[in-house]
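Enquirer: Using the sequences provided together with the hints, build the complete structure.
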Amino acid sequence: MKKNNSRKLDLYVYLVVLICVFIMFMGTFLSYYVKTNKEKNKNIIHNSVLMALTFNGKEQVNINNIKPGWNDKLEFSVTNYSSDTIGKYKIVLEIITPLSNMVDEFFVYSVESTCDNKDTTNSLINSSDTVIPVVSKELNGGVITPNTTHNYVINFKLNKNNKKYNNTLFSARVRVEEDK
Amino acid sequence: MDDGKTQTILLSIIGIATLLVAIIGATFAWFSITVTGNENASDIVITSNNLGQVSFTDGTVIDLGAIMPGTFTTKTFTVSQTDPSATGKISYNIMLNVKENTLTSASKNEFVHSLKSSGNTNGGTLAVLDKTPVPEKSMIIGSGVIEGYEVHSYEYTIGLNNIDANQNEAQGKVFSGYLSVVLTEDKIGK
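Taken in order, these protein sequences are the chains called A and B. If you're matching positions, the first sequence starts at 1 in the working numbering and goes up one per residue. If you're matching positions, the second sequence starts at 181 in the working numbering and goes up one per residue.
Since the hints were made in silico from the structure, they are not lab data. There are no misleading hints in this set.
Mimicking DSBU-like on lysine-lysine, the simulated pairs with C-alpha atoms at most 35 angstroms apart in a straight line are:
id : chain 1 : residue 1 : chain 2 : residue 2
1  : A       : K118      : B       : K269
2  : A       : K58       : B       : K317
3  : A       : K88       : B       : K279
4  : A       : K90       : A       : K180
5  : A       : K73       : B       : K317
6  : A       : K8        : B       : K185
7  : A       : K67       : A       : K160
8  : A       : K73       : B       : K255
9  : A       : K180      : A       : K137
10 : B       : K279      : B       : K317
11 : A       : K58       : B       : K296
12 : B       : K255      : A       : K118
13 : B       : K269      : A       : K137
14 : A       : K58       : B       : K311
15 : B       : K296      : B       : K353
16 : A       : K118      : B       : K279
17 : B       : K255      : A       : K137
18 : A       : K73       : B       : K279
19 : B       : K255      : A       : K58
20 : B       : K311      : B       : K353
21 : A       : K88       : B       : K296
22 : B       : K353      : A       : K58
23 : B       : K279      : A       : K90
24 : B       : K296      : A       : K73
25 : A       : K180      : A       : K157
26 : A       : K163      : A       : K90
27 : B       : K269      : A       : K73
28 : A       : K90       : B       : K269
29 : A       : K157      : B       : K255
30 : A       : K90       : B       : K296
31 : A       : K58       : A       : K180
Small disclaimer: the values here were computed from a predicted structure and weren't measured.
Expert: Below, the structure is given as structure tokens:
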């Protein structure tokens, strides 16, 4: 009887050892699989977008004692100097000194743009006459392919009207930021 | 007989301990694979952005016709990072783009240009030129590197030196061109 029990115990031990070996094989296989997958993930591609905002002339619009009919413009370009990476950017219309604390329906801006590359991936920022805000505003959506230049003109104008603008100042500039 | 029983119990304990370790190991591997393993693992693309700003205060175009000896024209411009918190580098070339130049050959190396620079506050590299003869064709006249947030200021001067000699040959000669700044990619570490 005791011999039978001992045999049973031995059988249990063999069974446990067998299961252990099986599980260890599984563990080793899974560990190897994890390792190879981690190695797959090690392919890190580091792209860099090199863009430049270029002003050819003034960088800021300033007007003292504005009168209806006034207009001015800012001209600049955005160039992607990268050879292989598409860049995304936004134009920030920075209002340094607003015309007043409230928007004026006659005081508008528009954005005209041209591109030297016909690749349709390029996306330019355009805007018809829009009321100039009293605080800075982001104009999103610029996408520029490698070795491409986007040319911009932002027109500012105070449409003719009968309102009085006594000693009113206005000052604004643009900057370009990456659009994530 | 007791020895055999003790041995069996010992073997059982070792076996169970091994089983436990194996299960823990396998479970850990399983969780690892579910967290990090990816059969469709693809490349990780990291895109960093460098945005520079080039400002030509008084335009880029240089038109010199009927130039008098001792007359110089100046153009000022800046090259900078747009982000004040920037830490990266931006390399650039300053180019003189020549459309027409009949002055250089007629001026006996007295048609010269210079580039004064400042602003490498973080140890960046500035381009400098000192009364060098103007090239007949377009060329890079200087290179710089912006380190972090720097504003490199340049004053470009172009003109005809006045010398104690006959400079009549330069009469009626013209120079027409423009300046440009081209950012250059730094492929190191890419």
